[in-house]
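Undergrad: Assemble the complex: chain A is given as a structure, and chain Y with the ligand must be docked to it using the hints.
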Amino acid sequence: MKKTWQSPVIQKMNGGLMNKFGTRTEYEPVKHIDGVSVQSLIKEYGSPLFVLSERTLRRNYRDAYRAFSTRYPSVQFAWSYKTNYLNAVCRVFHQEGSWAEVVSGFEYQKALGNGVPGPQIIFNGPEKTNEELELAVRNGSLIHIDHFDELFQLLAITDRIPEKPRVAIRVNMDTGVYPVWDRFGFNYENGQAWDALKRIVTSGKMTLTGLHCHIGTFMLSTNAYRQAVKKLADLAWRCKTELNTPLQYLDLGGGFPSTNTLRGSFLPGTDAVPSVDEFAEAITAQLTELGYGTQDTPKLILESGRVLVDDAGYLLSTVVATKRLSDGRRATILDAGVNLLFTSFWYDHTISPAQDFTHHTEDMALFGPLCMNIDVLRQSSNLPLLNRGDQVVIHKTGAYNMTQWMQFIHMRPNVVMIDEEGNTHLIREAETLEYLQQPEKIPAHLQQPEKK
Amino acid sequence: MYLRKNIATSENGFIFNPSTGDSFSANPVAAAILEQLKQGMTFSDIKAGLLDSYEVDPLRLERDWDEFINQLREANLLAD
Ligand SMILES: Cc1ncc(COP(=O)(O)O)c(C=O)c1O
Chain A
0 MKKTWQSPVI QKMNGGLMNK FGTRTEYEPV KHIDGVSVQS LIKEYGSPLF VLSERTLRRN
60 YRDAYRAFST RYPSVQFAWS YKTNYLNAVC RVFHQEGSWA EVVSGFEYQK ALGNGVPGPQ
120 IIFNGPEKTN EELELAVRNG SLIHIDHFDE LFQLLAITDR IPEKPRVAIR VNMDTGVYPV
180 WDRFGFNYEN GQAWDALKRI VTSGKMTLTG LHCHIGTFML STNAYRQAVK KLADLAWRCK
240 TELNTPLQYL DLGGGFPSTN TLRGSFLPGT DAVPSVDEFA EAITAQLTEL GYGTQDTPKL
300 ILESGRVLVD DAGYLLSTVV ATKRLSDGRR ATILDAGVNL LFTSFWYDHT ISPAQDFTHH
360 TEDMALFGPL CMNIDVLRQS SNLPLLNRGD QVVIHKTGAY NMTQWMQFIH MRPNVVMIDE
420 EGNTHLIREA ETLEYLQQPE KIPAHLQQPE KK
Chain Y
0 MYLRKNIATS ENGFIFNPST GDSFSANPVA AAILEQLKQG MTFSDIKAGL LDSYEVDPLR
60 LERDWDEFIN QLREANLLAD
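Sequence order for the protein chains is A and Y.
Counting from 0, one number per residue, gives the positions in the first sequence under numbering that gives the first Met the number 0.
Counting from 0, one number per residue, gives the positions in the second sequence under numbering that gives the first Met the number 0.
Chain A with its partners taken away, still in its complex shape (with noise of 0.2 angstroms):
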């Protein structure tokens, strides 16, 4: 029998310089996801291909639920759609009893599409049509005001309908975590937080209905969270205290981290973020010092995106060409690049091969298959030599790619997601130049080749 080929290869030994760490090994071939083969999954719905766990996402579900609903008697958590809202994604996340938590129009009306009840959206962000705000105001939806334009905004609006709208303010704050996000929302420490619910409640046309806060995303730090339940308890007291208006909900917001690794790290996410554990501690423990939890308790309100469906979702991908750069470097280029994932420029995302391969490593560097410069997916990687044709699996891919990806010189390939049985199904099928080019109009006097 012939023996297995494999590219003749030399590296150069650089002189006792070895990665303090030990070198990483990313080099586990992964055949299956829950159970389905990687081959298969490209073979039938091609490739580039992102795939969803649909297990996975109850299991974190449930994970975060649990850690919070054992601690604490009132735990309501909100689906962060800009995460990822794919409709398939979001029921999920609704049957499991989550929430929705938009930032736009359009992302309000998905979450009425999918069947949320309007006084279960919370609609946040800087930016709120008069025709959104008052669709929100007659559903009874949960306004988190951004700005006291906004708050002059809804009072007009209730010149005009009858309904009351239900309103909470977006509080920002130092935590001890810089910069401070003091963009979004009323700061705290300078008072204006505290002016914008004077306003709202002494203007008698809106019911106060609670405080929110995202202070961050991917933090590092549980204190700053404490933090963050210490200055929203402090004007909820005053709220009750002062306006005589006791408040139904805290909402302390997303923002915790995936165990993803950070670009530059030197550890792998896995040991260098808190669990979700640590923070639901370090939040129910302050709220249980500031002598909340009892009964008539505030609701505590969560909005996780990313540490939910971040490991839910793999990119699979082809292996388009190698080459050599002129440093000697090897370079793989891959079918998939920055157009759909987006968060290669925040994450060194661990990319493993799909396929057995023999056992020469080496330090590539991962491109995409743009026609551009920024297309790199990973400056470096040690990995076995990969070849035409050879797949892999790009890991924790879930949060922030199926919304912020590109149509940009590649169009968007299909996504399908396992359910828990093992079935694959198809939840976003790929572009067509036809859906591409559908809302282009073409001039009459373009309508020619050749100019009269």
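Just so you know, the hints here were simulated from the structure itself, not pulled from any lab data.
Please read these numbers as outputs of a predicted model, since none were measured by experiment.
Where hints are given, some of them may not hold.
So these bits of chain A aren't anywhere near chain Y, every CB distance computed over 12 angstroms [what the hints assert, rightly or not]:
#, residue
1, Met0
2, Trp4
3, Ser6
4, Lys30
5, Gly290
6, Ser325
7, Asp326
8, Ser379
9, Phe407
10, Glu420
11, Lys451
Straight-line distance between alpha carbons at most 27 angstroms, and here's what the computed DSSO-like set of lysine-lysine pairs gives [what the hints assert, rightly or not]:
#, chain 1, residue 1, chain 2, residue 2
12, Y, Lys4, A, Lys451
13, A, Lys197, Y, Lys37
14, A, Lys2, Y, Lys46
15, A, Lys204, A, Lys298
16, Y, Lys37, A, Lys2
17, Y, Lys37, A, Lys42
18, A, Lys204, A, Lys163
19, A, Lys450, A, Lys440
20, A, Lys322, Y, Lys46
21, Y, Lys4, A, Lys1
22, Y, Lys4, A, Lys204
23, A, Lys197, A, Lys298
Pairwise CB distance ranges (calculated) [to be verified]:
#, chain 1, residue 1, chain 2, residue 2, range
24, Y, Gly20, A, Phe344, 37 to 43 angstroms
25, A, Asp362, Y, Asn11, 17 to 23 angstroms
26, Y, Asn11, A, Ser264, 20 to 26 angstroms
27, A, Gln354, Y, Asp65, 50 to 56 angstroms
28, Y, Ala78, A, Gly327, 26 to 32 angstroms
29, Y, Glu73, A, Lys30, 33 to 39 angstroms
Don't be surprised by glycine CBs; every beta carbon is placed ideally from N, CA and C.
TA: Okay, now just chain Y with the ligand, sitting in the frame of chain A:
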């Protein structure tokens, strides 16, 4: 083109170039090729032998061969 005379190679793929002080590691196929280059075999004889003993189609071999020779040249291991 041939492998520089003073290059030291070992069976397990260690390569040392005494004139530059550089050392390299070779994967098994590369080590086998280097061994044959050292013995002074011609490129075409080595390639024919590889086709006989490995599961590889001729086009793929050509492509990999060219890239490998380039690597050797860049590493200063070849002489004309
Ligand atoms: C208001 C609000 N809530 C929730 C989220 C979800 O955040 P994450 O994915 O960090 O949990 C975001 C995202 O930035 C947000 O802006």
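Undergrad: Now tell me, hint by hint, if it's right for this structure.
TA: Results for each hint:
1. Not every Cβ of chain Y is farther than 12 angstroms from the Cβ of Met0(A); the closest lies at roughly 8 angstroms, contradicting the non-interface assignment.
2. Under the 12 angstroms C-beta cut-off, the non-interface status given to Trp4(A) relative to chain Y is violated; the minimum distance is some 4 angstroms.
3. Not every CB of chain Y is more than 12 angstroms from the CB of Ser6(A) (nearest about 4 angstroms), against its label as outside the interface.
4. Non-interface call for Lys30(A) relative to chain Y: holds, since the shortest CB-CB distance, roughly 21 angstroms, exceeds 12 angstroms.
5. At the 12 angstroms boundary, the C-beta of Gly290(A) stays outside the reach of chain Y, the nearest C-beta of that chain being 65 angstroms off.
6. Remark: the non-interface label on Ser325(A) conflicts with the geometry, its nearest Cβ contact in chain Y lying 9 angstroms away (cut-off 12 angstroms).
7. Some Cβ of chain Y comes within 12 angstroms of the Cβ of Asp326(A); the nearest lies about 10 angstroms off, and the non-interface call is violated.
8. Against chain Y, the non-interface label of Ser379(A) holds: every CB pair exceeds 12 angstroms, the least being about 18 angstroms.
9. Remark: the non-interface label on Phe407(A) is consistent with the geometry, its nearest Cβ contact in chain Y lying 31 angstroms away (cut-off 12 angstroms).
10. No beta-carbon of chain Y is positioned within 12 angstroms of the beta-carbon of Glu420(A); the least distance is around 38 angstroms.
11. Interface exclusion of Lys451(A) from chain Y stands, the closest Cβ pair being 51 angstroms apart, more than 12 angstroms.
12. At most 27 angstroms may separate the alpha-carbon atoms for a hinted pair to count; Lys4(Y) and Lys451(A) exceed this at roughly 72 angstroms.
13. Between Lys197(A) and Lys37(Y) the CA atoms are separated by roughly 87 angstroms; this puts the pair beyond 27 angstroms, and the hint is violated.
14. With a CA separation close to 14 angstroms, the supplied pair Lys2(A) and Lys46(Y) stays within the 27 angstroms bound.
15. Distance check on the hinted pair: Lys204(A) and Lys298(A) sit about 23 angstroms apart at the alpha-carbon level, within 27 angstroms; holds.
16. Distance hint between Lys37(Y) and Lys2(A) is fulfilled; the C-alpha atoms sit about 22 angstroms from each other, no more than 27 angstroms.
17. Under the criterion of a C-alpha separation no larger than 27 angstroms, the hint pairing Lys37(Y) with Lys42(A) is inconsistent with the structure, at around 45 angstroms.
18. In summary, the hint linking Lys204(A) to Lys163(A) is supported, as the alpha carbons are separated by about 6 angstroms, within the 27 angstroms threshold.
19. Between the alpha carbons of Lys450(A) and Lys440(A) the distance comes to roughly 18 angstroms, so the proposed pair stays at or under 27 angstroms and holds.
20. Proximity of Lys322(A) to Lys46(Y) is assessed by CA-CA distance (about 21 angstroms); at most 27 angstroms being required, the pair is judged to hold.
21. Between Lys4(Y) and Lys1(A) the alpha-carbon distance is near 31 angstroms, which puts this suggested pair outside the 27 angstroms criterion.
22. The suggested pairing of Lys4(Y) with Lys204(A) is violated, with an alpha-carbon distance near 92 angstroms, which exceeds 27 angstroms.
23. For a cut-off of 27 angstroms, the pair hint linking Lys197(A) to Lys298(A) stands: about 22 angstroms separates their Cα positions.
24. At about 39 angstroms, the beta-carbon gap between Gly20(Y) and Phe344(A) stays in the expected band of 37 to 43 angstroms.
25. At about 21 angstroms, the beta-carbon gap between Asp362(A) and Asn11(Y) stays in the expected band of 17 to 23 angstroms.
26. At roughly 35 angstroms, the beta-carbon separation of Asn11(Y) and Ser264(A) lies outside the given 20 to 26 angstroms, and the hint is violated.
27. For Gln354(A) and Asp65(Y), the hinted distance range of 50 to 56 angstroms is not satisfied, since their beta carbons lie about 25 angstroms from each other.
28. Against the hinted window of 26 to 32 angstroms, the Cβ-Cβ separation of Ala78(Y) and Gly327(A) comes to about 19 angstroms, which falls outside the hint.
29. For Glu73(Y) and Lys30(A), the Cβ-Cβ distance of about 35 angstroms falls inside the hinted range of 33 to 39 angstroms, so the restraint holds.
Checked against the numbered hints listed earlier, the structure breaks hints 1, 2, 3, 6, 7, 12, 13, 17, 21, 22, 26, 27 and 28; every other hint is satisfied.
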